[in-house]
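Given the sequences, and given the hints that come with them, work out the whole structure.
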Amino acid sequence: MNTSVAVLAEGLENDKTTAAWRSPAGHSLNLAGVRLWGGNEPSADIRKDVLWACEKPDATKLASAGVPIAVACSADEDLDALADSLFSAGREHADVLAVRFPEGANELANVLLGQKERLDSWDLQLVDAIIARRPLQDILEIGVRPLANPVAVFDETSGLMSYAGDISGNYQGTIWEDVLDEGRAPVGYYSASERAQITAKIGDAVEPTIIRPKRAPEHENLSLSICEGSQILGTIAQVDLDAPFSCSQISLAMHLRDRLAEVFRTAIAGRHHRSPIGHTLRLLIMGDDVEEHIAVYQLERKGWHIDDRYCLIVAQLPQKQGKTPYSGPYQAEAEMLLPDPVVIEHDGYLVALVHLEQSEPTQSRDKLIETLRQRLDKDIPCGVSEDFEFLRARDAWRQARIAVREGGGNGRGGVSTFEEMFYPTLLHQMEQNLPLGVTMDPTALRISQSDRGDELLSCIFAYVMNGCNVSRAARALYMHRNTLEYRMGAIRKVWGLDMDSMGEDELLRLALSCRLLMEVSLES
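Residue numbers (this note's numbering): 748 to 1271.
Watch out, some of these pointers could steer you wrong.
Ranges between beta-carbon positions, derived for each pair [stated by the list, open to error]: (1) 1040 <-> 1086: 22 to 30 Å; (2) 914 <-> 764: 28 to 36 Å; (3) 916 <-> 1047: 23 to 31 Å; (4) 1240 <-> 1201: 15 to 23 Å.
Since the hints were made in silico from the structure, they are not lab data. For glycine and all other residues, C-beta sits at the position ideal for the given N, C-alpha and C.
The following block contains the structure:
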């Protein structure tokens, strides 16, 4: 693995050797190795990704050439002044490590090489554990070894928390108190402004988020996001319980983050999930238990909330010789067509979760349906659920699946909504249990069998659904008021149906019977 002058300087200080360093590299591990400067190296061999151990007389020349250097200094040398001078000589482009080391550059090179070898050995053990697919906890126990503070890793897909390191300190009031007591990060630990600070730097692969929370102002919290593209898969978190967050410690924590990213991108707890929200959505659809705080945490990462309004779109993937094809192209189309969707494949369906505009969720859903109807590929039927809150995703999944099955691609633009399929679904469910003659209102049943039965049923349905108000019912039917009044009078006279004297339960059964009988007529 690469190292840095910050990491090497900290190692020297742990060995009771004083050092001062300057670097333009920030927290990156930019040095591939350590070599001794002999004085006669060909210019082609002077690599600038290697730290050259040298004596003080050679230091200025090398630094001026932009070469990273480790200078062996006498016991009375002012290390900070020398480091500043050499860093300036290199126009602040070259790493400088000034070490109080009277034994000379040759021995300094050996010491630095020993430190580099220890880092390489640690990294090799870490990589071997990852390749061997050992449990995350085992990998973490190896990863924490060079870190001064305990480390916690939060898996955003499963909600699992793992931690390792010395946990014997006083954690009262810090975020670690909840980690140790409950095995997870607490919801609502940070204030709104602190959460905004963290969210603003979530995807930053260069700089970590370091915050001094109001709840524990004597401590700093460090967090590093494990990402795949723009998707947050996990978080590494530390609190400065045993040592402050030096540049060296941050660099090593970032290296651990990068190694753990390989774990999260391949297998975590034996599963692979590109999207934490997608994983939770799948669990909800399958009827599995989901802890609310995990869903809250995942949604807030996207600026969404658990009680916001969402919509579920389901498309049945075409099959060939009994096999569902690769869903990648369909998923890519959904991601381009829909506004910031979470797309998963489940049970032979492509499922897209869409966050609606919260100020106007109904209009937002209507706009979404029109967008779907304008898509190029209308051969794949789509079903759309009603709007719902996130934890009601299983009901929405059933609605959307009913819509796509019952609609069968016959909806406008190949898109069917649940409300359009509600009455056909209800009718089929009733027919499976009892003949319609048993459940329907007898007068509505007789009317349906007469000439112009559908026309009369639609008048009765509109009249009841509009509170037995002729004017409103006429507007709903796009009919003149006098025409409807005449037909309602005929219904009363011919069929003896006086709706004004019926109770609410009778009216409800009558209206439902009319609507379902109209559906029967439509299907036949």
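Verification of the supplied hints:
1. 1040 <-> 1086: 22 to 30 Å: holds, 27 Å
2. 914 <-> 764: 28 to 36 Å: Since residue 914 and residue 764 have Cβ atoms about 30 Å apart, the given range 28 to 36 Å holds.
3. 916 <-> 1047: 23 to 31 Å: holds, 29 Å
4. 1240 <-> 1201: 15 to 23 Å: Hint holds: Cβ distance 20 Å, inside 15 to 23 Å.
Checked against the numbered hints listed earlier, the structure breaks none of them; every hint is satisfied.
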